[in-house]
Amino acid sequence: MKIRTVCPLLLAFANSCSPIMGRTRFQKMIFLLQAKQAGTNARTDFNFVPYDYGPYSKALQLDVNRLIEHDLLEEEPTKGPSGKYMYRYRITEKGKMLVDRLLTEPAYREHQFEAILRRLEEIKSDINGKDLDALLREIYARYPEYAQLSKYKF
1 MKIRTVCPLL LAFANSCSPI MGRTRFQKMI FLLQAKQAGT NARTDFNFVP
51 YDYGPYSKAL QLDVNRLIEH DLLEEEPTKG PSGKYMYRYR ITEKGKMLVD
101 RLLTEPAYRE HQFEAILRRL EEIKSDINGK DLDALLREIY ARYPEYAQLS
151 KYKF
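Counting in this note's numbering, the sequence shown runs from 1 upward without gaps.
Read the hints as simulated data drawn from the structure, not as lab findings. Values in this document were obtained by computation on a predicted structure and should not be read as measured data. This list has only true hints and no planted wrong ones.
In silico lysine-lysine, DSS-like type, Cα no more than 27 Å apart, as pairs:
1. K58 <-> K153
2. K79 <-> K130
3. K151 <-> K84
4. K96 <-> K2
5. K130 <-> K36
6. K2 <-> K94
7. K153 <-> K79
8. K96 <-> K130
Pairwise CB distance ranges (calculated):
9. P81 <-> R109: 34 to 44 Å
10. P81 <-> D126: 15 to 25 Å
11. S125 <-> E75: 13 to 23 Å
12. P106 <-> T78: 37 to 47 Å
13. E110 <-> T78: 36 to 46 Å
14. R137 <-> P106: 41 to 51 Å
15. A59 <-> C17: 21 to 31 Å
Note that CB positions come from ideal geometry on N, CA and C, so glycine has one too.
Use the sequences and the hints to build the structure in full.
The following block contains the structure:
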């Protein structure tokens, strides 16, 4: 199984399977993982481009959609504090069983899934509770090249 495909599942599994609040946060968490993984064997290889709310990967969204179709992730629309709808992502029982197998079977050790999971736990605990404005400000400050097409103005 490709590292790229597993990363969204590992993110949903991280931090006791706490949900991921919103597509923007999902994208930013994987973007930050990829930035930290650069130059290692555990690269995710998502092509992030500047978009409406910073770095965005169409391939990541397609992978997430496939994981939902295969009942490994679930996507639940929920009304956010602003009244707009956002999506809450959770790993399913089937997804948990797959991640458990990926973390324990010797055949998958070369992929460094445990190390990736630890990084994702740090990223998720930092970002999931963070105000979206604060998150975007932080991303744009660290990676200004991704702010050029942003709809977000501050």
